[in-house]
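There are 2 protein chains.
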Amino acid sequence: MKAELVAQPSKYGSLWPLPQKVQLSEVSFKLTSSSFRIVDAKDSTAGPSCSLLQDAYRRYYEYMFGIAKRQQLNKGRRTGPSELTELQVWITSPDSECDSYPSLTSDESYELSVNQPYAVLKAPKVWGALHGSKTFLSCIVIFNFIYCLIVLLSSFIQETMAMNKINVFHWHIVDDQSFPYLSRTFPQLSQQGAYHPYTHVYTPADVKMVIEFARLRGIRVIPEFDTPGHTQSWGKGQPDLLTPCYSGSKPSGTFGPVNPILNTTYDFMSQFFKEISAVFPDAYVHLGGDEVDFTCWKSNPDIQKFMDQQGFGQDYSKLESFYIQKLLDIVTTTEKGYTIWQEVFDNGVKLKPDTVVHVWIGGGSNEEMGKVTAAGYTTILSAPWYLDYISYAQDWQKYYKVEPLNFNGTEAQKKLVIGGEACLWGEYVDATNLTPRLWPRASAVAERLWSAKDVTDINDAFSRLSVHRCRMVDRGIPAEPLFSSYCPHEYKGI
Amino acid sequence: MKAELVAQPSKYGSLWPLPQKVQLSEVSFKLTSSSFRIVDAKDSTAGPSCSLLQDAYRRYYEYMFGIAKRQQLNKGRRTGPSELTELQVWITSPDSECDSYPSLTSDESYELSVNQPYAVLKAPKVWGALHGSKTFLSCIVIFNFIYCLIVLLSSFIQETMAMNKINVFHWHIVDDQSFPYLSRTFPQLSQQGAYHPYTHVYTPADVKMVIEFARLRGIRVIPEFDTPGHTQSWGKGQPDLLTPCYSGSKPSGTFGPVNPILNTTYDFMSQFFKEISAVFPDAYVHLGGDEVDFTCWKSNPDIQKFMDQQGFGQDYSKLESFYIQKLLDIVTTTEKGYTIWQEVFDNGVKLKPDTVVHVWIGGGSNEEMGKVTAAGYTTILSAPWYLDYISYAQDWQKYYKVEPLNFNGTEAQKKLVIGGEACLWGEYVDATNLTPRLWPRASAVAERLWSAKDVTDINDAFSRLSVHRCRMVDRGIPAEPLFSSYCPHEYKGI
Chain A
1 MKAELVAQPS KYGSLWPLPQ KVQLSEVSFK LTSSSFRIVD AKDSTAGPSC
51 SLLQDAYRRY YEYMFGIAKR QQLNKGRRTG PSELTELQVW ITSPDSECDS
101 YPSLTSDESY ELSVNQPYAV LKAPKVWGAL HGSKTFLSCI VIFNFIYCLI
151 VLLSSFIQET MAMNKINVFH WHIVDDQSFP YLSRTFPQLS QQGAYHPYTH
201 VYTPADVKMV IEFARLRGIR VIPEFDTPGH TQSWGKGQPD LLTPCYSGSK
251 PSGTFGPVNP ILNTTYDFMS QFFKEISAVF PDAYVHLGGD EVDFTCWKSN
301 PDIQKFMDQQ GFGQDYSKLE SFYIQKLLDI VTTTEKGYTI WQEVFDNGVK
351 LKPDTVVHVW IGGGSNEEMG KVTAAGYTTI LSAPWYLDYI SYAQDWQKYY
401 KVEPLNFNGT EAQKKLVIGG EACLWGEYVD ATNLTPRLWP RASAVAERLW
451 SAKDVTDIND AFSRLSVHRC RMVDRGIPAE PLFSSYCPHE YKGI
Chain B
1 MKAELVAQPS KYGSLWPLPQ KVQLSEVSFK LTSSSFRIVD AKDSTAGPSC
51 SLLQDAYRRY YEYMFGIAKR QQLNKGRRTG PSELTELQVW ITSPDSECDS
101 YPSLTSDESY ELSVNQPYAV LKAPKVWGAL HGSKTFLSCI VIFNFIYCLI
151 VLLSSFIQET MAMNKINVFH WHIVDDQSFP YLSRTFPQLS QQGAYHPYTH
201 VYTPADVKMV IEFARLRGIR VIPEFDTPGH TQSWGKGQPD LLTPCYSGSK
251 PSGTFGPVNP ILNTTYDFMS QFFKEISAVF PDAYVHLGGD EVDFTCWKSN
301 PDIQKFMDQQ GFGQDYSKLE SFYIQKLLDI VTTTEKGYTI WQEVFDNGVK
351 LKPDTVVHVW IGGGSNEEMG KVTAAGYTTI LSAPWYLDYI SYAQDWQKYY
401 KVEPLNFNGT EAQKKLVIGG EACLWGEYVD ATNLTPRLWP RASAVAERLW
451 SAKDVTDIND AFSRLSVHRC RMVDRGIPAE PLFSSYCPHE YKGI
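In order, the protein sequences belong to chains A and B.
For the first sequence, the UniProt record's numbering begins at 1 and goes up steadily by one.
For the second sequence, the UniProt record's numbering begins at 1 and goes up steadily by one.
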């Protein structure tokens, strides 16, 4: 075994991801489960009726003192640091947004001050309060053996967050292999197209629960229904949706992408996306559009005839654009915004100005980011963060070192980069290995996107991330190790 | 997502690894939990007093009908395949070896015949019976929806096994980072050298349980105590064991490999390996000997003086050999055989003829295998099977395609290759990700080593391994997927 980074304690303790601004002091406080409370501040616009916050308080309290119990650190001595007895949560704007969904334009900023005997967490909306509470939790030292739980960095910690990133769950919910989404309008899609119609589907209740679970944590859910490619599973329950491929002059029995020349296709898409727009509250839907293989379209004589009629010649990307254009018009009528994979932009499809272009090809993708933003589109970067591409050793460092704005472009162009996304595709991943493959590698992406541009000290990151990883393990989440090391409490799963 | 291999059902059903010889027929049988029994054959030399077998019967029965219960397949119709009511286990040699430990020379062969109404499993020793029972289990079709559990390949299945491979647990129990082995003779080694002296150690009782757990499954346990390198953790609890490194004319405060010039070193090793030889019943111990860094030895003036006295000049590999030679002599007095990493052979250390040389450097290692066997040593091959080197996609195929005897050498040399070993080093692996990283990638190695040389059909292997992997998932083992697919019962862990 060879040594790599050495985990010297960070002056930021176990904070992860590092807030945009942190002010440290030497003073520390004690927390005791019997006296510590998370409460609504007197002037908060979100009171006891805001179940989102009340739910979060319970969750965080259990997490804080659950750890204390397991570590048996709660039998504090009588002397020592003075006590912190309250975290006051103060929602400052008239509408706390307690009962809404987080959105692209949500104000997620907060400011956390830790001062004896109170800590005060000020946020305009509940979303900032959720993030700020997590920061409070990640201040807590779980390795201290003397005094229970101690706020490490205090006196006056002030933080403001403007950008908030790992706050969207992009749910790539169907693909070639399986259609697990149970559609009320077209139940045969999952009945025929899922791996199994009962055991391997997402029912409407499942989907609702995922969305509510996410909302309570300030997370948006954006579903992806990828067309016209990657739709093999759609064809099983929806006859005539896919293009019949030909072998010579006869249908071969196999099918290609969505058939773009039939009116029935667009009738189906209209009804389908009407349902989707109702089921998923987020203002955006991801429409896919990646990796369309033209082989089958080329083989089909009806498609060829249509190409001639439209004057597309042999340029099948024009046919793809034709389809996408009509799909975008359909989705526009549902009053949703849309995100599309970069190929749709690359192929010159006319897009609404507020379309989000998702860049995924080429690890660096500097050139593509320049092009997309020069055309005035907002964009999300995923290209450097395909977590399914595993490799030996500490590849989290590779993700961490990416600077997403490192492309040729004006300041205005850089402002169009609204976020980044870590992708974990499912070819080689399921419930057996998802969690250790995702964490803490995704955590590295989180800090890159969440923290200030100058937070680049890899040794400091290693130290904090090691502790953060043990915090996850302690909560029963099998986050894999960064390097040979140990946690005070190891994962007890199989 | 892109398709790779397509899982066409194999004519061998879900057998994994494929036995050396299989004879198929079209007839299949039904098994019912209420009537099926695993029993000792009338003439078996191992009766009810052989707790190893009785324990195995219970385990296998629970496994067989546990699956049936979960799948609710046990409410058989009245008509259909005829019933198989017994598996008779017949130990044929006078000494069943029920109460011994498996060893390098154990007879692990067996012959399994499935004929209505009995299946008969004949084996000279209990070890073959354990392997044969697993074969019986892996005949069982878990996906059949009509008839409970059916022996798929039957009438007369006959198998013989001569080589048996994944039947050794090589326990690399200490390393630079930590010394978790709690030694009765030198308790300070783990007291000072483990990550934590109570929560991160293997007590004598733990070690005993591991060995007994393995024995009951026909698995040998060979511990590795690697010296003179990789011993940083040893130095914490055993002063003067390691070489003090110098910075100029003064000790730098850091330490290098075991100090080979002190008599106290060899006194310590004598006592230590005397304990090890008593604690671990296997006839072999792994002595390591890999990756010795000479930098510290070179810096130390006492070592330099010793080198001069011995006439070693500046050849520090001679010093390494000097140490290893003395260590081998010590271990020889404990009447254990030893395995060493290939560097010890490469450095020309004089070895006993029955030494096992463990080849690990260079993915292919053809040349090294040729050299080691030409020198007349038995050898174990690990070089192509370092499972900690992960990569994207189906790397199990790479492991599967290796032919371990594909090196230049005589037939006599090939016979010296007594096995192969899949290694999973711990730099990036712990309880959070061990299981999905190990399985089914190690299963691929198992079949390569277990089955006949001509078992090389990768599509057939993909099909059988996919089912075998679901069998593991069904038993609660989070074995990762080969490719996007599903199991009837998915892993329910976190």
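Be aware that a few hints might be false.
As the list claims (entries may be wrong) - Below, simulated SDA-like cross-link-like pairs (lysine to any residue); rule was C-alpha separation at most 20 Å, straight line:
id: 1; chain 1: B; residue 1: Lys492; chain 2: A; residue 2: Lys134
id: 2; chain 1: A; residue 1: Lys492; chain 2: B; residue 2: Lys492
id: 3; chain 1: B; residue 1: Lys492; chain 2: A; residue 2: His200
id: 4; chain 1: B; residue 1: Lys453; chain 2: B; residue 2: Gly409
id: 5; chain 1: A; residue 1: Lys350; chain 2: A; residue 2: Gln310
id: 6; chain 1: A; residue 1: Lys236; chain 2: B; residue 2: Ser484
id: 7; chain 1: B; residue 1: Lys398; chain 2: A; residue 2: Tyr428
id: 8; chain 1: A; residue 1: Lys492; chain 2: B; residue 2: Pro197
id: 9; chain 1: B; residue 1: Lys21; chain 2: B; residue 2: Pro197
id: 10; chain 1: A; residue 1: Lys492; chain 2: B; residue 2: Asp430
id: 11; chain 1: B; residue 1: Lys318; chain 2: B; residue 2: Asp329
id: 12; chain 1: B; residue 1: Lys492; chain 2: A; residue 2: Val207
id: 13; chain 1: A; residue 1: Lys134; chain 2: A; residue 2: Val207
Source of the hints: derived by calculation from the structure; they are not laboratory data.
All values reported here derive from a predicted model rather than from experimental measurement.
How the hints compare with the structure:
1. Lys492/B - Lys134/A: violated, 28 Å
2. Lys492/A - Lys492/B: holds, 15 Å
3. Lys492/B - His200/A: holds, 13 Å
4. Lys453/B - Gly409/B: Distance of about 17 Å is within 20 Å: holds.
5. Lys350/A - Gln310/A: Roughly 17 Å between the alpha carbons, so the hint for Lys350/A and Gln310/A holds.
6. Lys236/A - Ser484/B: holds, 18 Å
7. Lys398/B - Tyr428/A: Satisfied, since the Cα-Cα distance of roughly 16 Å is no more than 20 Å.
8. Lys492/A - Pro197/B: The hint holds at about 19 Å.
9. Lys21/B - Pro197/B: violated, 50 Å
10. Lys492/A - Asp430/B: holds, 11 Å
11. Lys318/B - Asp329/B: Answer holds: Lys318/B to Asp329/B is near 16 Å, not above 20 Å.
12. Lys492/B - Val207/A: holds, 19 Å
13. Lys134/A - Val207/A: violated, 25 Å
The structure fails to meet hints 1, 9 and 13 from the earlier list, while all remaining hints are met.
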